[in-house]
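Q: One-letter residues, chain by chain:
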Amino acid sequence: MLRQRDEIPPGTLALLILRTLSRAGELHGYQIASSIERGSDDVLRVEEGSLYPALQRLLVQGWVTARWGTTEGNRRARYYKLTAAGKKQLAAEMSQFERVMGAIVRVLQTA
Amino acid sequence: MGLAELARRVGMLLRRRRFDRDLAEEMRLHLDLRAADARAAGVPPDEADAAARRRFGNATVLREESRDAWGWRWLEDLGKDARYGLRGMARNPGFTLVAVLAFALGIGANTAIVSVVAGVLLRPLPYADPDRLVTILHGGTGPTAAANIYAWRAQCASFEALGAAEAWAPNLAGLGIDQPEKLPALRVTPDVLPLLGVPPALGRTFVDEEGLPGKEHVIVLGWDLWQQRFGGDPHILDRSVVLDGVSYAVIGVMPRGFKFAPFWVTTAQAWAPLVLGPKAGDFHWSTLRPFARLKPGVSVAAARAEMAAVTARLEQAFPGTNRNLEIVPLEEKVVGQIRPALLVLLGAVGFVLLVACANVAHMLLARAQARQREIVVRTALGAGRGRLVRQLLTESLMLALLGGGAGVVLGVWGVDLLRALEPVDVPRVANVSVDATILATMAGVSILCGVGFGLVPALRATAVDLSSSLKESARGATEGARQGRLRGLLVVSQFALALPLLVGAGLMIRSFAALQAIDPGFDSEGVLTLQVSLAGTSQVKAGRPETFYPELVRRVEALPGVASASAINHLPLAGDMWGIGFTVEGEPTPADGDSEVATYRAVLPGYFRTMGIPILRGRDISPADDARAPHVVVINQKLADEHWPRGDAVGKRISGGMDQETFTIVGVVKDARQHDWAEKLRGEIYVSVAQARRYLDNPGGPFAYMTLVVRTVGDPAALAGSVRAAVRDLDPAVSVSSVSTMTSVVARATSRPRFYLTLLGAFAGLALLLAAVGVYGVMSYAVSRRRQEIGIRMALGATRGDVLRLVVKGGLGLALVGVAVGLVGAAGLARLMAGLLYGVTPADPPTLVGVAFVLLAVAVLASVVPARRATRIDPMTALRTD
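Residue numbers (this note's numbering), protein chains in the order written: chain B, 1 to 111; chain G, 1001 to 1882.
Bound conformation, chain G alone (with noise of 0.2 Å):
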C-alpha cells in the first residue's frame, strides 16, 4: 500500500459521515435518471421506479461494498464491538472486575518471575564472546593452587588465555572517611581483565610486568568507586590509592555497570595485579579462582578432554593435588544453581495463569450463555457465525488487555519488592527490570490468553441450532449436556492446574520447616559479630596482631552489656572456611594427597563459651595456650566419634598443618554448621590463634582479619557502636566491617530456601484463591441453572439433605477428577523440585495428603454454600421463574 493510497484511506476514514450521504446522494441521481429514462419511453411511473430499483440491486449491501472498497470495515466493527463490550462490562461491574482482576494476578505473577528469568538466566554475562569464557572448579565449587597455573598454561592448547583471581579485602583510609573501610577488591594476574574483552572507561589495565614482584602497586577502579570516593573525577589517572597503608597508582576506570568476579567477590570495585611467581611452585595454599578463554573453535568438551589428560599427568607427578578439576563455562557457574529454582518458579507462574484463564474462561462461558437468547435472535436475524464470535472475543479481549495492563502494574511492583527481598545468593538479581522486550511480550500472553480463553466460549455460544436453543433456553429446566461437561472440564482443570502448585509450596514448607528444625550447634540468639581487620596498620608491621585481639577482647568484654567476648578466624555460616589435611597418632599413614581433611577454625580463648557451643569433655583453649606452650586443639564430636568412638579423645594427638605440627587434643565440642546450613556434618579442629604463628607472621595475612564474636545480656544490634568505639580507642586506624548480630548470619544462609518458600507460597496461595472462587463460580452458577430441577425435586418431597448431597456429589466428584490429574503433574513438578528439598522427598505422603485434603474442602465448601440457598428457596417460586 503506498504513501498516498494510505493517505486516501485515512481521509476516508476521517470523514465517513460525509462519505455515506455522497453515496447515497450518487445512488438516488442514478435511480431518479433511469427512471425518468423509462418514463421518457413511456413506462408508466411507479413501474419506472420498481424497474429502475430493480436493475441496480440491493442498495444497501451495494453502500457497504463501497464503503469495504476502503478496507476500514474491520476497524469500524471492532469500534462497535468494544464500544458494545465497553456498556456490557460497565453493566456488570462485578464480573468485570474479578475477570480483570483475577487475569491481573496471573499476569502479574508472570512479568515479575519472567523479569527475573530473563535478567538471571537469559542475559549473556557482560563480557565479550562471553561463552568462550570457562573457570576451572575443584570438585564444583573449590579454589586452585598457584603451581597447577602455571602447569596449566604451560600444558593446555585450548587457551587463549588463563588468569587467576584472588580476593583481596583491603583497608581503604582516608578520603574524608572517620574510620577506615574495608573495599571489596580482587588481585588478577595481568592478563585476566584483558582476557575479558572489555576496555577501560578510561586509562588502560594490566601489562604482563605488573605481574612481577615490585612493579604490582598499580591498581583499576571499579566505576562506582571513582563516581563515589573520587566524585568523578578527571584527572584520577594522576592520583593514587593508599590500600593498606601502600599506595597504588591508578592506572585505570572500568566502565559503568562492569562487574568481575561473577560469582564469589562479585562486589569487588578495584583490581590490582596478583604477583604470582613466589607461588609458582605451591601445590597446596589454594586460594586462586581460575579464569580462561577457550580459542575460537574450541568446544568445552574438546577443552575437557584436553584438561583430564593435563591433571592426570600431574597428579601422577604431584599426588593429591589435581583431582576432581572440570572446566565449567562461566555462565554456567553464575546460573547453574539458579536455574532449576528458576524454572520451578516460571512453571508455577504459568500453572496460576492457567489456573486465571480458566476462570476467566469460565466467567465468559457463563455470560454467553446468559445470553444465550441474544445471541439465538440475532442469528435467527440472520447474524453470521463469525461476527459473532468476533463480537464475544472483542470482548474476551479487552478483558484479557485491561487485566494483563493491570497485571503488569503488578508485576513492576513484584519486582520492586523481588528486589526488596534481597535473595543474597540469586545472582545478578540487581541485573532484573521490566524491559521494553517483557512488555511486549506479556501484551502477547494478554492476548493470546485472550484469545484463548474466549474463543471456547465464543464458539460454543454461538453453536446454536435454532430449534432446539429457543426450546432449551424457552424451558432451562436442565442445562445442556455440552454446556455442562465443558464447564466440568473447566473445574477439573482447575483443581488439576492448582494442585502441583499447592503440592511445591508444601513441600517448600516442610523443606523449610526441616532447614529450622537443625540444630545449628551453637546459640545465635543474643550474638553480635563484627570484622576487624588491621590489614595495613602499625599492629601487622609490629608484629601484634597477637597481642591486639586479646586486648580488644579484653576491653570489649568490659563494656557494659557485654556477658563475654572473644575472636575466630572466620565465623561460621559466613562464608569463609580452610581445610587442614591431618593424621591420627598410632593410625597408619595414608598416601600422599589421601590424609583426612577437617575444617580449620583459629580462636581465641572462650570463643565456645560466647558462640554458647557446649565443650563436652575436656576444656577450652585459654589463655595458657600460647606460643611457648605446647599445642592444643579442641576437635568436634563427629571427628571424636570417628577416631575416638569410646569416648577417649581427649589426650590423644594429631599432627597437621602447612608444617605437620603435632597438636595434643584437649577438648571436645558439640558439632556447629560451618559453611552451609543444610551440609553434611563434617570434623572440625580449632586451634589456639597464639599457636598459630605462621598465619600470624604473614604480613597483612589471614590474621590480619578476624571476626568478634560477642554475647550481650540485651539486644546485640544496640551494642554496635560502643563496641566500634572500642577499636576505635585502641586504634583508629583498625577498620570494622560486616556488623551483624548472628541471627542475621544465620538468616542469610536460609536466605534461599526462604526465598522459594516465599515466592512459591505466594503463587500456590494465590492459584488456591483463584481455583476456589472459579469453582465456588462454576458451582453457584451451576446450581442456579438447576433451581427448577431443584423446585421440582422438593415439591416431589425430596429434603434438603438430599439436594445438599446431590449438588455437593457432584462437585466433589469433579474435584476428584481433577485431584487425581493434578497428582500427576505434581509428581513431574516435584521431580524437578527434588533440588530445592530439604530433608523431604518430592513424593511426601503427607504433603500430597494434606494438599488433596484442602482442595476436597474447598471444593466442598464451594458447592454447600449455593446449594444451602437453593434449597431455601420457594420450590413454586423456582418453577415459575425461568
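Pulled out of the complex, with its shape left as it was, chain B reads as follows (with noise of 0.2 Å):
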C-alpha cells in the first residue's frame, strides 16, 4: 500500500535540518534525510538531493560547520554540526514558526 507523502513546505528544510543536529550532534548528509523522514514518521519527504544546497547554504551563512571523516562503511564523508549562531538562528526560528502555527491553528479552530 502507497502512503501519502507529504512535501514539505518551503523554508522549513534549513528548520528541520537545524533542528536534527541540534538534538544529534554530528551527521552527514544521508544520516540527516533519514533522521529527518524517520522524525516524521515517514509524512515528510525531502527530495533528498535538495539537502544538499540546502546544506551549503547553511554553511555560506555560517549556522553549521563541516569536516570531512570516516563512516561506519570507511567511507570518506562529510560531517556537520551545529554552531553557536546557528542556535540562536534555530531559537529564533522555532519561536517564529511556533507563532505562526499557533496563529494558524487558531484560525482554523475559531473558523
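Hints are computed from structural coordinates only; laboratory data are not their basis.
These figures come from a predicted structure and were not determined experimentally.
Treat the hints with caution; some may be incorrect.
As the list claims (entries may be wrong) - Which chain B residues face chain G? A few, computed with CB under 8 Å, are given here:
no., residue
1, E26
2, G29
3, G62
4, Y79
To be verified - Across the chosen pairs, the derived CB separations fall in these ranges:
no., chain 1, residue 1, chain 2, residue 2, range
5, B, W68, G, A1004, 19 to 25 Å
6, G, L1013, B, K87, 26 to 32 Å
7, B, W68, G, G1002, 22 to 28 Å
8, B, A92, G, V1456, 47 to 53 Å
We put the CB at the ideal spot given by N, CA and C, even for glycine.
Work from the hints to combine the two standalone chains into their complex.
A: Below, the structure is given as C-alpha cells:
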C-alpha cells in the first residue's frame, strides 16, 4: 500500500536540518535525510538531493560547520555540526514557527 | 554580508575545484547508502540504484544550486563569457580593431572636451563663497571712475564690501635680471584682497590706512613670483622690492594657485594698494575695475535693482557718468562669453560618440547575425535567452571598456594638445586636467555605451523563432526584413548625426574665411612691435619721454634691415584702447555726456608709413608738430565721412580731450582695426605725442609706456635682438616687453575663431570618417547578404548596371532620409552657434547644400564599391555558396 507523502513547506527544510543537528550532534548528509524522514514518521519526505544545496546555504550563513570524517562502512563523509550562531538561529526560527503555527491553528479552530 | 561570511565566500571561490569534488563525493555516498538500505530491505540491486537516484533528484541541477548558494555564479559566468569574448575578438582582429578604434576616438574626444568644460565652466572660482562675488561693468565690458566707487560705497546697501583694482605694469629691476622686466601687477583698494576671502600663505594683506597717500608702499606677492624671483626666501617679509624705482615693503605672500583678477590682468603676480582719495571726485577718468561681495542673502537681482536706482540718481546729478552700468556675477564675467562655445563643442563630441556607437552597434549586429546559427542551435539545446543576451552584452562591454581605456589615453593627449593650442582668451584653460572624476565619468559613459549599443543587437539576435530562423539561415537568399530595418535605422542615424557636425564645421570655416578676408587697414607683414617702458627710470624723472622716444626711433631706423620705425601709445589689436570725447567746430554742441567718442591714439611721426596705413588726404603728423606748434590731429576715413562727406575734412577743427583743446585736422587715413578684429569700425583720432603734454607730464604715467613699431626689410623677428640692444644702449634701465611681430598680434586677435575652427573641424572630420566607415560597412554587409539575390538577378539577365543602380539606390535612399533628419538637428545646432559666427548666417545655404552633397557623395561611394564587387561574382558561385 502506498502511503501518502507530503511535500515539506518551503523554507522549513533549513529549520528541519538545524533541529535534527541540534538533537543528534554531528551527522553526514544521508544520516540527516534519514533522520528527518524517520522523525516525521515518513510523512514528510525531502527530495533528498535538495538537502545538499540547503546545507551549503547553511554553511554560507555560518550556522553549521563541516569536517570530513569516516563512516562505519569506512567511507569518507562530510559531517555537519551546529555552530553557536546556528543554535541562536534555530531558537529564533522555532519561536517564529510556533507563533505562526499557533496563529494558523487558532484561525482554523475558530472558523 | 558580514566580514566572516565574505571570507567564507571568497574561500569557496578560490577552492572551486575542490568544492565540486567534495560535493560529488558526498552525493555519491548518499546514493550508495540509500541503494544499500534498499537492497538490505530486499529490493533487487539495479532497481535499488534507480530508485535511489529518483529519490535524490537531478544531481547536476542540485550541484549547480549548491554552488549558487555561495553567490558567485554571476562571476563564474562572467569569467566564462569574457574568455569566450576574448577568443572571439582574437579571431576577428580586424573587427575588434575597428570597433575599439571607433569607440576610442569617440571617448577620447569626449574626455578632452569634458575636461575643458569641467575645468573652465564647472569648477567654482577659487575664492570664498564665489557666488556672492560680483563686478560692475560699463556697457558689458568697460571700467569705472573713482567717484563712482565712492558713491556706490556710500549709497548701496547690498554690498558687504566694494573695492576697485587698476592695472599696473611696473618695471622690476635688480634681482640678477640684466634688463628690467615689466611685472604684471594690480593696484587694489585695501579691501579687495580681504573681500575675496583667501587668507595669505605668509604675512598679511592690506589694512585700510594703506590706501592713504604716503602709506601705500607695501606689496603682497604671488606665490610663483616669490618662488621664482626670491627662491621662496622664508624671510621675504623682511625684504622689499623695487618697482619703477620705488621701494615696496613685502607684507605678504598669497597661496599657491591664487589668481586675481580672474578676468583682465589674469597674470598679475603682485598687488599694491591703490590710493583712490585724490581722484575721489573724478567721474571721467575710467580706469578702475570694481569688485564687490554681496551681503549674505542679497540676491544679484536685488542688488541690481538697488544699483539701478542709485545710478539713476547719479546720472541726474552727473550726466554721462552712470549709464549702462550693470552688476555682473564674477563667475558670469569670467566664463559667460566662452560658455556657448564650449557647449557647442560638448554637443559636437556627444554627436561624435553617438556616431561611433552607431558604428559599433552595426558591427555587433552584423556579427551577431553571422553567428545566428550558433545562437539558434544553442537556443534549441535549451540555453536561456537571458544567458545568451548576457554573453553578447559581455562582449560589447569588453569592446567598450577596451575602447574607453584607449579613448581616455587619447583624451589625455587631446587635453595636452588643447593646452598647446593656447587659446589666449579661453579663461582658466591652465586649470584643465583629466582628473579622477572625469575618468570615473568616462568609465561610466563607456559602460553605458557598451550596454546601449550592445543591447539592441543582442536582443535582436536572440529573439529567435526557431523554425523560421532555421529556415531563414538555411536559405539566406534575402535577408530578414526586421534586420534590414534596424540596419537602415543605423545608417539613417549616422548620417543624421554627422550632418549637424559638418554643418557646424562648415559654418566655422565660412566664418573664418570671412574673418581672414577682413582688411585690417594696415600691413602686418614685416613689422616688429615691442613695448618700451620708462616707468621708474631717470627718463621720466627728468621729464624726457618727449625726447627719449624720438631718439630711440632715430637710432632704430639707423639699424641695418630697418625700413622705418615709429611709436604709438597703444598698438592696435593688442588690447588697450582709450576713447576721446570730442565736438566738431560748427556743429551744435551736444548735451553734457552725450559727446561723440572716438578711439584715441598718440603717435610719433612716421607711424602710418611704418604700419602701412595709407594716408588718403592731407599729411602725416610731422616732427614740426611739437608742443609749441598749433595742435593737430589725423582722423580716419570713417570719422571724416561721417562729418565731412564731401571729402573736405582737412583743415577743419575739432575740440576734445580732458582740456577741451582745439585741434586742426591735417590728414585722413584709412580705417584700421583697433580693438577687436571683427569690430564695427569707429572713428579714430591720432594726436602727436609731442602735443599730448598732460600725459607726458604724468609721472610714471601713460606715456611712460609706448609701443615701438619697426618695419623691416627681412624677417622682423630676426631684428628683435638688435632693437633690444638699441634700447639698452640708450638707457639700460628701460624695460622692453611684449616683443612680437605684427602678424602674431593679428593671429592672437583671431585665435578664438581659429581655436573653435580647429576643434569643430577635427570633430566633424572624425564624425565624417566614422560615418563613412560605418556606411561602407553597412552597405558592403548588406550587399554580401544579398549575393544570392544578385546572382539570381544576373542569372535572369540583369546587367551589372542594373545591379549597381539597385544597390546605390538603396544606399542613397537611406542617406537622403538621414540628411533630412540631420538638417533639422543642424538648424538647432546652428542657432546655438550664432554667437560664434562672423559674416555668415546660421542657415547659410552654401554650407547646408555643400554638406548635404558631401554626405550623399559618401553614401554613393560607400555603396558603389561593394556593389561593383558583387557584380563581379559569377552568378553560379553566388547561388551555390551559402
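Q: Confirm or reject each hint.
A: Comparing the hints with the structure gives:
1. Against a cut-off of 8 Å between C-beta atoms, the interface hint on E26/B is violated, since the closest Cβ of chain G lies about 15 Å away.
2. A cut of 8 Å between beta carbons decides the hint on G29/B: the least distance to chain G is about 5 Å, and the hint holds.
3. Satisfaction of the interface hint for G62/B is found here, the shortest Cβ-Cβ separation to chain G being roughly 6 Å, below the 8 Å cut-off.
4. Interface hint status for Y79/B: violated, as the beta-carbon distance to the closest one in chain G is roughly 10 Å, over 8 Å.
5. A beta carbon spacing of about 21 Å between W68/B and A1004/G agrees with the range 19 to 25 Å that was offered as a hint.
6. Here the CB-CB span from L1013/G to K87/B is close to 28 Å, well matched to the stated 26 to 32 Å.
7. Restraint check, W68/B to G1002/G: a C-beta distance of roughly 25 Å satisfies the suggested window 22 to 28 Å.
8. The beta-carbon spacing between A92/B and V1456/G, approximately 48 Å, falls within the hinted interval of 47 to 53 Å.
The structure fails hints 1 and 4 (numbered hints given earlier, in ascending order).
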